[in-house]
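Take the sequences, apply the hints, and build the full model.
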Amino acid sequence: MYYKSKPYKLFSCFNYTFLLALSMLCVIPLVHILAVSFSGKAPANANLVGLWPVQFTFDAYDKTLANENFLRALWVAVQRTIWGTGLSMLIVLLAAYPLSKENRQFKRRNVYTWFFVFTMLFHGGLIPFYMLIQELNMMNTIWVLILPGAVSVWNMILLLNFFRGVPKELEEAAFIDGAGHLRTLFHIYLPVSLPALATLSLFAMVGHWNSWFDGLIFMTDHKNYPLATFLQTIIVQQDFSKVTVRPEDLVNISQRTVKAAQIFIGMAPILLVYPFLQRFFVKGIVLGAVKE
Amino acid sequence: MHTSQTSHAVTDLVKKEAPPAHRGNWKRMLVLDAMLLPAVILTLIFAYIPMGGLVIAFQDFKPWLGFARSEWVGLEHFQYLFSTPEYVQVIWNTLIIAAMKIIAGLVAPFTFALLLNEVRLSPFKRSVQTMVYLPHFLSWVILGGILLDMLSSDGLVNQALGAVFGIDPIFFLGDGNWFRLVVVVSDVWKEFGFGAIVFLAALSGINPSLYEAAEVDGASRWQQTLAITIPAMIPITIVVGTLSLGNVLNAGFDQIFNLYNALVMDKGDIIDTFVYRVGIVDGKFGFSTAVGLFKSMVGFVLIVAAYRLAYKLANYRIF
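Protein chains in written order, with this note's numbering: chain A, 1 to 292; chain B, 1 to 319.
Worth flagging that the hints you see were computed from the coordinates, not collected in a lab. Heads up, some of the hints might be wrong.
What the hints assert, rightly or not - In silico lysine to aspartate or glutamate, DMTMM-like type, Cα no more than 25 angstroms apart, as pairs:
id	chain 1	residue 1	chain 2	residue 2
1	A	9	B	215
2	A	6	B	60
3	A	9	B	217
If you want it as structure tokens, here you go:
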């Protein structure tokens with residue numbers, strides 16, 4: 001056997017070490033941030049924190065959670081994630097069903113498919129989109145965070161491909177029993193495609209939670225910022241004028257440990273759903289990428 | 001595959017024997033139309049109306065005059081874009097960064113998948129996968145925040161470099177050449193694990209008996225890799241590679257926007273960040289729309305070409 005040969009054993013040694021180092025490289029930055037967030041102010045500012053907290057304290061989290069701007073942004077993010085994901089999944093579900101039909105069953109199918117797919121290929125671009133939102137008076141409303149992204153053509157294609165794999169006999173049996181399309185979708189297709197829907201929902205949730213640019217350009221009032229946008233202004237732009245008023249807050253918010261705590265809270269929900277995501281996404285990706 | 005084909009054949013037969021009730025079908029199709037209605041309305045509003053708004057790329061657009069009364073300037077904005085050296089530099093930056101990302105983004109996952117495939121200890125394999133997929137799901141705001149902290153002159157990376165090699169701190173995000181490197185390396189860091197999934201899927205589809213036969217013939221593992229593994233990965237590599245050609249003008253807005261600053265503008269500014277600053281910050285709607293349209297047009301041509309190519313070379317279709 002090849003793996004008993006000496007050169008291969010040597011290679012294996014190197015390979016395991018290398019892969020271990022690569023994996024460490026992917027998590028060390030996150031561990032570092034976590035360590036900083038639990039450290040005392042002085043060692044953090046002096047850059048003495050590596051991968052383990054120095055002078056362990058919850059101080060940064062106390063300050064973060066006492067900041068009403070942070071909490072408000074958190075609430076906006078939770079709302080947009082729940083409503084945005086729910087609405088998007090409903091719309092995608094309703095659209096994927098007709099598109100999964102054969103041309104014979106639904107003649108206009110091709111027209112609809114191209115209508116949606118074209119939007120993946122060509123965009124009006126940022127400025128016309130921005131002007132449209134202004135024109136619709138959607139600035140500073142939660143709708144601008146939810147509606148424009150609700151029709152995910154990519155999710156639609158994944159789901160319609162999944163629907164095509166559902167045995168036709170199920171649908172025919174339902175039709176013979178007198179079920180209409182809506183009933184067939186919700187009583188036949190929906191239950192059998194729950195795992196696929198769960199995957200797409202998790203992806204949509206992560207997308208909403210991480211999305212920051214729409215909040216930045218469409219919310220002129222910082223009180224409407226979702227968490228990701230709030231973090232972008234605090235941590236990346238380091239622009240505290242927009243989000244805070246009291247001087248004592250300013251000191252707290254620019255503190256290194258508090259920044260780390262905010263970053264960590266910002267990614268915590270993703271770390272929480274990650275184990276579930278991981279179980280599904282491998283299948284999901286392969287579903288979209290490799291087809292017979 | 002076979003069973004579903006036969007079942008189609010059966011339903012075809014049934015349909016031919018019993019002529020369809022046309023009236024019922026017509027009504028049933030209306031239900032299908034109705035189910036598509038919400039998606040169609042939202043797509044019309046948020047995707048197609050902005051396409052109409054592209055006309056201002058050919059106007060000296062003044063918001064208070066609107067589309068109808070703003071002056072038409074033809075291709076003036078495009079001429080201005082291509083005749084101003086700083087703007088041409090922005091296009092070059094975009095191309096250079098995107099090209100480096102495309103190449104690195106293909107080589108790294110491919111190599112990683114090959115190496116991971118040699119691991120036979122499955123708990124180890126699973127743990128590695130869990131860790132390397134993770135950065136893909138974090139946003140560039142979070143990762144940008146972490147990188148700004150770690151790459152600062154007194155950050156973790158410079159500390160480590162100083163301790164190991166004894167060199168002075170490097171201004172990773174303050175020097176244009178370093179900036180490009182940081183952008184490409186951090187993008188690879190974020191995406192190589194996730195990008196490897198399709199390659200791993202291709203690897204798991206290889207018939208084990210091929211390896212057994214090679215083993216009997218006395219082939220070494222390296223010879224097996226060259227003769228079996230790599231040829232089996234070629235189709236999916238072609239697909240991934242050609243499809244990524246569509247990204248030649250996508251240098252990654254989220255990442256650059258969260259990492260760049262005035263010091264690296266000459267080498268790090270890309271079309272998307274440029275459009276944002278000129279359009280939304282400075283309010284030059286006409287010109288920035290023209291720049292955006294240029295990008296959309298090139299992107300459109302490339303994506304269509306890439307899909308046709310992927311279909312020709314590897315018989316790949318998305319639906």
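(request) Decide if the proposed pair is consistent with the structure: residue 9/A and residue 215/B, CA atoms, cutoff 25 angstroms inclusive. (result) Answer holds: residue 9/A to residue 215/B is near 17 angstroms, not above 25 angstroms.
(request) Given the hint that residue 6/A pairs with residue 60/B, test it: the Cα-Cα distance must not exceed 25 angstroms. (result) violated (72 angstroms)
(message) For a C-alpha distance cap of 25 angstroms, please report whether residue 9/A and residue 217/B respect it.
(response) Status holds; Cα separation ~20 angstroms.
Violated hints amount to a single one, hint 2; each of the other numbered hints is respected by the structure.
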